[in-house]
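J.: Letter by letter, the chains look like this.
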Amino acid sequence: MKLIRMVLAAGCLWATAVLADPPPGYPFVGFDAGLKAAHASGKPIFLYFGRYGCAWCEHTNKVTFSDPALKKLYSDNYELVYVDAESGKRVTLPSGERITEAELGARLQAFATPLFVYLTPQGDKIMQIPGFKTVQDFRDFDRYVRGGYYKQKTLLQFLDGKS
Amino acid sequence: MLLAVLAWPAHAAWQWSEPLTVNSVRGAKIFPHMESANRRNVAVSGTTVGVVWEDNRSGGTQCYLATKPAAAASFQPEIRLSQAECYEPVVTALDGGRFVAAWEEAGKVHARLLPGGKALTLSDAEAGQVTLAAGAGKLVAAWAEQAGRFRRIVVARLEVTADTLQVGPAQPIEAAQPTDEQGWPALAVAGNGSVTVAWEDRRDRHTVPLTSHSEDSRSFAPPVRLNDLPKGGGLGRSLGLGAGTGAMRPTLTAWGAQGVVAVWLDKRDFLSGYDVYAAFDPGTRRFGPNLKVQDSFGDNMAQWHAQIVGNADGRLLALWDDARDGTADVWMADWDGTAFGDNVAVPAAAGPGVQSDPAATLDASGMLHVVWLEQDEQAGTRVRYAHAEWK
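Protein chains in written order, with my numbering: chain A, 7 to 169; chain B, 28 to 418.
The following block holds chain A by itself, in its conformation from the complex:
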């Protein structure tokens, strides 16, 4: 915990903005637009479930998503979707059901933000990962998802034997 606090404290030395929106410069879109784009492109969906004012979202944006190579990796290979955990904005699920973004959190049983959800191009959930993650974590998740390993292994099995 002390280490985490030190890392966070170091991070906040250059912290400026307080908003926990999508990381700047990434082509995040809304849920409906992202699903539509994924249907067309065949790319998997990376859903960033954030919260307005969320500390750990801001931390992740600054420490992790600021990495230029990660930005290129995810921008090029995923349809990027941002959902606000407390919003009343309506989204349409692959089933055709219309719910609010906040209700999507209830369906995902989201207990922390940020929550990162990987979905197939058809909108089926592959996995969801809560909390702060590093650049290397997101690189591992990318290999797990786009490499199709999720079809045979759990994420933990994949990470244990990752190459």
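Just so you know, not all the hints are guaranteed correct.
[Unchecked claim] To be clear about the criterion: a stretch of chain B counts as covered by chain A if any three or more of its residues have a C-beta under 8 Å from a C-beta of chain A, and this derived list gives those stretches:
(1) 57-63
(2) 297-303
(3) 326-337
[What the hints assert, rightly or not] Straight-line alpha carbon distances no greater than 25 Å define the calculated SDA-like cross-link-like pairs of lysine to any residue that follow:
(4) B:K135 with A:G102
(5) B:K418 with B:V381
(6) A:K68 with B:D231
[What the hints assert, rightly or not] From chain A, some residues computed to sit far from chain B (all C-beta separations above 10 Å):
(7) V35
(8) I105
(9) L162
None of these hints come from the bench; they were simulated from the model.
Model, not experiment: these values are computed from the prediction.
Glycine residues also receive a C-beta, built at the ideal position from the N, C-alpha and C atoms.
Got chain A sorted already, so can you dock chain B onto it with the hints?
T.: For chain B alone, kept in the frame of chain A given last:
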């Protein structure tokens, strides 16, 4: 003292009726919802129960009302309230088996006196998340209405004369234009006629439930924060990260002679999802310290769809859903005079499968009426209803 006087015998408990299904049309691709502002989806007028929800049976989303006389074995087939795309209907009871329903339709909010009556448009600008409250001879509506770049909360008196519903001027809580989003208003008319409003507000760059009150429904007191600030402002604030913790979907109820009680979802403990918190205004028009509602068995679970329900006799309880037993069930906690008691599942809304989205009301005799969604991916989701007597 008041709280102690209003305590209830510990040996009594809710005695539940057999559950009923409210919606007559179901299907795997039909999705009923009950997610209204202040969770006002059920009301009881005299001995008639009224339930509102939205679903997509006709292709687009429409709003429906079903009623049931107390003696009837089932709900009458529902009537459609809306003509165009409709969301988040609410209902409140008048006397003599009459109701007023309100909803968002085609980007504005509308209300209608039932049975009979014609739909009345309440908002001038684009609006949604309407709610209603009645008490002390007043009928009041609140909604979130576009004002420049953002929505803000407005309140209007409604008047019922003979068979006609009329709306008074919509009064913003604050005269100034909103500086960020406001939404999901809750309303309560206290026993002395004072109107309390609570809503989600993002002016502080995170979602904060604010409250205000009015004695005349025209001028409102400056907004006050409902949820306590975590000690030190929370981990994020202490480290200069994020604007603050999250809190959402405040609900209000009138309670006792002049009191108002609030319940909302609060994420101050960022590792366990939203928790249910409450605050009491004993009649001073000032809410006291926050109290956690759920018991320790629910602490590691996210709670959802919380509502507070009370009456003038001092009965008070909170409802919500959480998945502490593996799948979502409807839970409730009664106020015992000093604290919210052990969490008890609503019997017909617990067990295998998903039971969620509770909404409830107490009728004039103190009977509790609860509706919820029972999800079934094959047969379609049912809107379910049960009532309970405290004895």
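J.: Each hint should be assessed against the structure and marked as holding or not.
T.: Evaluation of the provided hints:
no.	hint	verdict
1	57-63	holds (count 3)
2	297-303	holds (count 4)
3	326-337	holds (count 4)
4	B:K135 with A:G102	23 Å, holds
5	B:K418 with B:V381	28 Å, violated
6	A:K68 with B:D231	21 Å, holds
7	V35	19 Å, holds
8	I105	7 Å, violated
9	L162	20 Å, holds
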